[in-house]
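Enquirer: One letter stands for each residue in the lines below.
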Amino acid sequence: MSKNQTNKKDEIKEKAGTTLTSSKQKITALTGAHAVAEAMRQINPDVVAVFPITPQTEIMEQFAQYHADGIVDSEIIRTESEHSSMSCVVGASAAGARAMTATSSAGLAYMWEVVGIASGLRLPIVMPVVNRALSAPINIHCDHSDAMGCRDHGWIMLFCENAQEAYDATILAVKLAEHPEVMLPVMVCQDGFITSHAIQNIKVYDDKIVKNFVREYKPRKWLLNTDEPVTVGPLQLTDYYFESQKQRADAIFRAKEIYLEVGKEFSGITGKKHLLFESYMLDDAEAVVVVMSSTAGTTKAVIDKLRKEGRKVGLLKPILFRPFPYEEVSKALQGKKYIAVLDRSESYGANAPLYGEVKNAIYDLTNNKSENNKEMPKLKSYIFGLGGRDIFEDDIEKVFKDLINGNIEEKKVGYIGLRGEKVE
Amino acid sequence: MNLKQLANKPQRFAPGHRSCSGCGFPQIVRTVLASTDNPVVVANATGCLEVTSTIYPFTSWKVPYIHSAFENAAATITGVESAYKALQKKGKLPKDKKIKFVAFGGDGGTYDIGLQSLSGALERGHDFLYVLYDNEAYMNTNIQRSSSTPLGATTTTTPDGTIHHGKEEWKKDIMKIVEAHHIPYLAQASVHNLIDLSMKAEKAFNTEGPSFIVVLQPCTLGWKFPTDMTIDIAKLAVETKFWPLYEIENGKYKINYKPAKDVPVTEYLKTQGRFKHLFRPENKGILEQIQKTVNERWNDIVKKCEG
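If you read the sequences in order, they're chains A and B. If you're matching positions, the first sequence starts at 1 in my numbering and goes up one per residue. If you're matching positions, the second sequence starts at 425 in my numbering and goes up one per residue.
Some hints here could point you the wrong way.
Below 20 Å or equal to it, Euclidean Cα-Cα: the simulated PhoX-like pairs (lysine-lysine) are [unchecked claim]:
#1 B:K727 / B:K682
#2 A:K221 / B:K514
#3 A:K211 / B:K516
#4 A:K211 / B:K727
#5 A:K208 / B:K521
#6 B:K627 / B:K678
#7 A:K273 / A:K24
#8 B:K595 / A:K221
#9 A:K218 / B:K519
#10 A:K218 / B:K521
#11 A:K398 / A:K312
#12 A:K401 / A:K308
#13 B:K516 / A:K218
#14 A:K359 / A:K378
#15 A:K211 / B:K513
#16 A:K208 / A:K24
#17 A:K359 / A:K308
#18 A:K221 / B:K728
#19 B:K727 / B:K685
#20 B:K716 / B:K728
#21 A:K221 / B:K509
#22 B:K716 / A:K221
#23 A:K26 / A:K272
#24 B:K509 / A:K218
#25 A:K218 / B:K513
#26 A:K218 / A:K208
#27 A:K218 / B:K682
Label pairs and their in silico Cβ distance ranges [unchecked claim]:
#28 A:K246 / B:D520: 40 to 46 Å
#29 A:D250 / B:A438: 47 to 53 Å
#30 B:P439 / A:G268: 53 to 59 Å
#31 A:N360 / B:N630: 56 to 62 Å
#32 A:K246 / B:P439: 30 to 36 Å
#33 B:N432 / A:E113: 39 to 45 Å
#34 B:T651 / A:T238: 26 to 32 Å
#35 B:P439 / A:E346: 51 to 57 Å
To spell it out: a stretch of chain A is covered by chain B in this simulated footprint if at least three of its residues, at any positions, have a beta carbon under 8 Å from a beta carbon of chain B; those stretches are [as the list claims (entries may be wrong)]:
#36 45 to 53
#37 408 to 414
None of these hints come from the bench; they were simulated from the model. Quick reminder that beta carbons are idealized off the backbone N, C-alpha and C, glycines included.
Generate the whole structure from the sequences, applying the supplied hints.
Expert: This is the structure we're talking about:
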């Protein structure tokens with residue numbers, strides 16, 4: 001978290017006064033996975049489907065312990081696969097329950113079919129995803145290829161930098177998903193091991209405050225309301241299918257505004273702003289790195305160092321990846337000289353996912369180029385960290401320096417931390 | 425329940441659906457849903473039943489219904505059932521509201537692609553009934569072989585040719601697979617005997633925990649017979665012991681119908697175009713193999729009933 005933000009938070013905290021007295025929140029050391037389990041304890045969902053996969057497992061192990069100790073009264077379904085986990089929560093959510101599951105990597109890939117069904121049926125399921133590389137070769141470490149594999153599946157997607165953000169986003173996601181104008185599932189992503197298994201200090205809000213914030217889920221149409229039978233998941237052919245998809249597309253774009261609304265309300269509890277993306281030293285920056293999740297933290301440390309050297313560098317960290325806030329990103333990047341987009345996944349045979357979105361966003365700048373008399377930014381795509389390959393401050397510093405020195409080949413993808421072509 | 429009582433039950437599956445003339449599953453669905461007076465929630469696997477009964481904006485289902493995918497009807501209904509338990513526990517649903525949960529799936533969605541989902545749901549012990557309507561091939565996609573297709577039957581992926589003559593494996597024994605989960609009640613039924621089916625469905629609904637019924641459902645298109653022969657053919661399957669009517673209640677076997685005389689299985693096979701090629705002289709061996717297996721399996725069930 002940035003110093004600016006921390007200061008701001010302290011300000012809001014002071015202003016909010018009674019909302020944030022020490023009895024209303026406690027600081028505690030938790031892993032990212034445990035932090036999400038803690039949010040789930042407070043949400044106390046009606047139904048939770050559980051299936052193990054590294055590195056998500058820690059979330060569900062912790063939640064199962066809460067269940068075993070009677071701290072939550074959720075129904076736990078210990079399924080035989082992630083495909084069934086998602087199928088169970090689809091059934092439970094359609095039945096009228098608040099339902100959650102969590103997964104990683106192959107688990108997300110395996111449930112892929114039903115992931116799309118969840119959003120197609122407009123079910124407000126919340127699913128923490130602990131990002132991990134996809135096979136093959138098999139690898140248990142972090143990258144974003146799992147989540148990116150279903151980025152066009154109609155789920156709202158939030159990418160979290162650290163345990164605190166993952167905890168906050170899990171709570172926020174419940175209210176966002178269930179908003180009557182949204183009614184879409186939400187994926188809350190955090191980096192496998194880097195965030196999920198690292199212990200950090202996080203602020204946990206008072207149970208009652210969280211409960212009061214998420215309230216109870218009141219479904220409009222639900223299967224267990226047997227007096228008003230409803231057919232869920234019918235066959236729609238050439239005559240209706242298209243309209244259903246348009247409705248889903250409209251809803252997810254609408255979700256951007258609702259996210260901000262819900263975020264605003266949530267600020268009263270968290271004392272911080274819940275934004276579409278985080279800007280760090282961005283306003284006057286000439287060279288910008290765009291990166292999501294834990295690597296944004298490393299980037300901030302580099303920025304602090306380079307700023308001391310008088311370099312105008314900054315960060316844009318997307319949080320809401322779906323719906324992608326094109327307009328806002330475009331505005332935030334207006335007038336920048338150099339932009340490097342760092343992706344933790346490939347899109348084989350195409351632009352890397354985040355790079356592609358940023359490139360789309362800044363295309364809007366071409367329209368008002370003449371009026372602002374500004375040149376289009378130079379944009380470069382970097383791939384890093386696949387399969388958990390470490391990225392260091394030095395790596396990001398080199399990216400910034402290459403940008404500043406104009407030492408970039410725009411059309412060529414840069415690979416950070418990759419060994420030479422002849423790897424033995 | 426007698427036939428008249430059954431016929432007078434409220435119709436929970438409305439006419440106007442688009443299943444084929446001569447299709448058996450509307451009777452199966454109506455009979456099963458009429459066998460409880462409790463409210464019911466249905467989950468349905470992708471297949472003929474689903475596509476013919478839920479063509480938006482119409483539905484034949486007068487009870488709450490969910491279709492999610494091909495292979496996950498069992499998982500889906502257990503999600504619904506868990507929601508029921510959770511909402512009752514949390515006081516969001518009245519405790520005295522007793523809802524029953526049924527999943528309907530075809531043989532493709534049960535023997536094959538949905539087997540894992542079914543196994544998981546049975547093992548977890550949810551309170552639900554799974555009804556498998558078995559028409560012995562993927563009929564909804566134009567009659568491809570499933571692991572339920574019987575030996576010798578032609579399908580579009582096991583056609584009769586100069587070297588191969590229909591399916592070369594016996595059908596999977598789904599009752600044994602389900603039995604291995606030690607669930608309290610499972611039964612085999614046939615669409616020609618609705619009283620027997622209703623009795624079994626009633627038992628299943630009154631069973632706490634998972635229950636399972638597989639119903640033979642002749643398919644006019646896939647099995648290739650005239651549309652007015654569905655019930656006769658289903659009956660012949662039982663009379664020839666190709667499809668014994670039996671149940672396993674708390675581990676105890678019971679044959680529900682013993683044919684009075686031995687009818688050769690060829691009487692059943694010859695009614696259907698899918699077995700036509702078996703009656704050529706060079707395929708005599710396949711017919712003998714089918715009769716042998718039918719006898720063995722019947723004797724096996726008889727033995728289990730004896731103890």
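Enquirer: Give me the numbers of the hints this structure contradicts, sorted from smallest to largest.
Expert: 4, 5, 8, 17, 18, 22, 27, 29 and 37
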